[in-house]
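Please arrange chains B and C on chain A, whose structure you already have, making use of the hints.
Here's the letter readout for the chains.
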Amino acid sequence: MNLQGPGMAEPVISVRDLVVEFVTRRGVLRAIDGVSFEIAKGEVLGVVGESGAGKSVTGAAIIGLIEPPGRIAGGEIRLEGARIDNLPAEAMRRIRGRRIGMIFQDPLTSLNPLYRVGDQLVETILTHTGLSPRAARARAIDLLAEVGIPAPERRIDGYPHEFSGGMRQRVVIALALCAEPDFIIADEPTTALDVSVQAQIIALIRRLCRERGTAVMLVTHDMGVIAETADRVAVMYAGRIAEIGPVRDVVKHPLHPYAKGLMGAIPTLASEAEELVQIPGAMPRLDRIPPGCAFNPRCALAIARCRTERPEPIAPHPAIARREHVEPGHRVACHLAEAPQ
Amino acid sequence: MLAFVIRRFLQSVVVMLAVGLIAFAMFRFVGDPVNQMVGVDTPQAEVERLRAALGLNDPMLVQFGRFILNAAQLDFGISYQFRQPVTRLLAERAPATLELAFTAAGFALVVGVLMGVYSALRRDSVLARVFQAVSLVGVSLPTFLIGILLIYLFAVQLGWLPSNGRGETVTLGGWWTTGLLTRSGLRALILPAITLGLFQMTLIMRLVRAEMLEVMRTDYIKFARARGLRTRVIHFGHALKNTLVPVITIAGLQLGSIIAFAIITETVFNWPGMGLLFLKAVHNVDIPIMAAYLMLIGFLFVTINLIVDLAYGLVDPRLRIALRS
Amino acid sequence: MPHPTSEEGKGLVGGGHGGRVARLIDSDILLSLRASGLTMVAAVIVVAMFLGAAFAPLIAPFDPFDPAKIFLSDASIPPRWQEGGDPRFLFGTDDQGRDLYSAILYGLRVSLVVGGLGVLLAAAIGITLGLVAGYLGGRVDAIIMRIADVQLTFPAILIALLIDGVVQALLRGHAREETAVPVLVISIGLSFWVQYARTIRGSTLVEKSKDYVAAARLVGLPAPVIMIRHVLPNVIGPVLVILTINLGLAIITEATLSFLGVGLPPTQPSLGTLISIGNKYLFSGDWWIVAFPGATLAILVLAVNLLGDWLRDALNPKLR
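Residue numbers (this note's numbering), protein chains in the order written: chain A, 361 to 701; chain B, 564 to 888; chain C, 941 to 1260.
Next up, chain A with everything else stripped away, as it sits in the complex (with noise of 0.2 angstroms):
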């Protein structure tokens, strides 16, 4: 099975087969069932889906982060061909931060309101680098600098709180790159911000990733900030892909019902006087994942097999390829994509 996306040689991240459990009093519960993806060099790759869906579970799997009662229970992860999930927590520690970065959601409390700015950059970047601490400082300076905080020789000595929502998330943006990593999380980066911040922060990682060609994993619910910044995305279901392929392709021309649906529920001008298309029902919780495709109870389309046989993320019939011009690196999990019908 050849998921990469196009013209790339090694991918930077790529995960395989992932599966991640929560140990419960009621049993145990798979927030993530057999996730297969590859990110390349300078590639962003938005995931989407319901809260719930299993995205942030994704990448804290990725970056080592999964707390008991977690654990990632199978498959593999490989940042640029080595395997990463089974490193010693020691080792693993050294590559978070170094070479895989995270950006979290709300910036208001992913910085310690005790710890100065600067000292917090300092500390990371003493963590991984064997620069001098006068001269982390000065490249803490230059870091705030590249983020666009202005006066950073100043703002390096103030709090947390003497930001504003958006200088924060730039400061949490800076932390995230401060050993340069080749592959950065971004955990719902903008969902905490207003409007007008959003699109200046996407435009700050979007541009940020090409002038290193750092590899990118957006995790959102926005579908609108997945169009604007993304490569290619994954819409995820129930902790299970179920499409993935070329941004504009996935938005143009959804395969997968769930997708249609999502897509359908972005408000765009041109749509504006169309319906929205609601999908009945709700995501299940993960102790009721119903067995065979995970969505058919939902599934207007659904027939018989979808209730027994699980689909896996494979490219369409080359017949309804051409009918839905799909374009190559498209996959979706679904039975009907199969066979023309």
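Read the hints as simulated data drawn from the structure, not as lab findings.
For clarity, every value in this text was computed on a predicted model and none was experimentally measured.
Warning: the hint list may mix true and false statements.
BS3-like mimics (lysine-lysine), calculated; alpha carbons at most 30 angstroms apart, straight line [as the list claims (entries may be wrong)]: (1) A:Lys401 - A:Lys612; (2) B:Lys843 - C:Lys1220; (3) A:Lys401 - A:Lys620; (4) C:Lys1009 - C:Lys1220; (5) B:Lys785 - A:Lys401.
Residues of chain B placed beyond 10 angstroms of chain C at every Cβ, according to the derived structure [unchecked claim]: (6) Leu632; (7) Arg656; (8) Arg686; (9) Arg746; (10) Arg750; (11) Leu770; (12) Phe799; (13) Val808; (14) Val810; (15) Ile870.
The beta carbon of each residue, even a glycine, is placed where N, CA and C say it ideally should be.
For chains B and C alone, kept in the frame of chain A given last:
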């Protein structure tokens, strides 16, 4: 900031005046002070003369004002039972109580924080469970019972440590007596300090544990992990610092409680401090000492509250900024 | 990360008026009681001690207050199973020749009565002031809550000691036996009211803004009627938890005051008085005089606190 300091200071003064009013009411109305000074056979005219001389016929407000002014100059009158100035009696016993209280507070803080941090970081370990059980017992057992238990174990059964008194003391600077410089003084301090500090220790431990578990769940700790910081730095830098901010407040406030609770410990260990003096005064209806002790404790609590409030502002930059603007 | 239990929680939080009482009766609480063995043991101990105290005159082999039945020749006899023990005296006798087992049962009775009444008085004061402060607001509220704030900075046990000490001094030992219990109850009541007042005031402020209070006002009901008939039932829930938690504290307070010699006199001993008496014989080897009352007190308070903790957690699903 200055406005805040002034406002808090004025509040403290009001509270002190209220405490003073209670002390004054006790002093003035619980047992006539003149009756304590004269014999049964003193002629009525003599009694009246004394009353006038003491100003007991003046308007109440004048008397209260005089009482407060005297108190401000540390003049609380003469003890009925000792026939000595109350201030001197208290000053003689203050070092014993203060040494005991600060040792107990230090013990409570150090051990409490260590146990709290440990049981937060290793919450499922056997030792953490033991600490939890100890804390429940420590909160439930009355101080005096803990003291009796310790005396029975370490003084009566094992004979390792003395069970009463301060041991040998050394006088410093002509008035401060200390037990910290002699072996017997230090030995005598151990059991009372543990007795007095145990409750606060369990309190601090529970507080640190709960607070630290809370902090460990915050986004900035998760983010610190995601930045690849060393576990040690995350636990003892980020998490502990944030944990200790509220702990400082409570621990500071507990110092007042410790000095007040010294009454019980001093009774159990026959420790010659202010608490024991106060209790004797209660038994002997020695109102001037009771009034003075009340004012002293009130003053301690008010001062500690004030300091803690101001210190809190210094530790937490968010508050510091809020106060500045 | 998924929160598999969040939906359960929601069902419990949304109770509406009287939800807490409903939740208490809810089988869930009995389930959690059965689930925790330690709490079960604590409940059994508390019930047993209450019964033992209530029926002390029937259970106790001796009447420790009847001087005609107490003989100095029986003084300081060790517990029954010890060498020199007397089969009549299960826990031995004290220095006066009193049967310790009987004295403990009677002492328990005194401790529970004083602690229980003290806590109830504190609740009555606190609920009244909290309701008035919350409902009337304005200056009344400001004054009551300022007093509460100031009092809260002092430990309750110290305030009780001061009140008790001053009143004892005022009475100068006159009729101490008759006055000791009411004085202690009042001291405890005046020392522990603050927590109730703050809790009740907080929930009263919430309830005050609800429609049913506005409706009652529109109908023209007088304020006291609205407060007692309409607001009180909706804010009384948490009081039960505070009562239980404070009962342990009140018992400790009473025992401490009695130990310090300003509580109950030796003629009417509570557990604290018994411990105080026994403490004098610690060094002469008569350990049982202090050990059994001490153990009874410790077990009682521990059991009450365990029940309080459990009750608090069981009524607050967020903590589970």
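Right, here's what the structure says about each hint:
1. A:Lys401 - A:Lys612: 25 angstroms, holds
2. B:Lys843 - C:Lys1220: Given pair Lys843 (chain B), Lys1220 (chain C) holds - Cα atoms ~17 angstroms apart, limit 30 angstroms.
3. A:Lys401 - A:Lys620: 29 angstroms, holds
4. C:Lys1009 - C:Lys1220: 24 angstroms, holds
5. B:Lys785 - A:Lys401: Cα-Cα ~26 angstroms, so holds.
6. Leu632: 23 angstroms, holds
7. Arg656: 17 angstroms, holds
8. Arg686: Holds, since 15 angstroms exceeds 10 angstroms.
9. Arg746: 23 angstroms, holds
10. Arg750: Holds, because the least Cβ-Cβ distance between Arg750 (chain B) and chain C comes to about 18 angstroms, which exceeds 10 angstroms.
11. Leu770: For Leu770 (chain B), whose nearest Cβ neighbour in chain C is about 15 angstroms away, the distance exceeds 10 angstroms, so it holds.
12. Phe799: 25 angstroms, holds
13. Val808: 19 angstroms, holds
14. Val810: Nearest chain C Cβ is 18 angstroms from Val810 (chain B), so the label holds.
15. Ile870: 13 angstroms, holds
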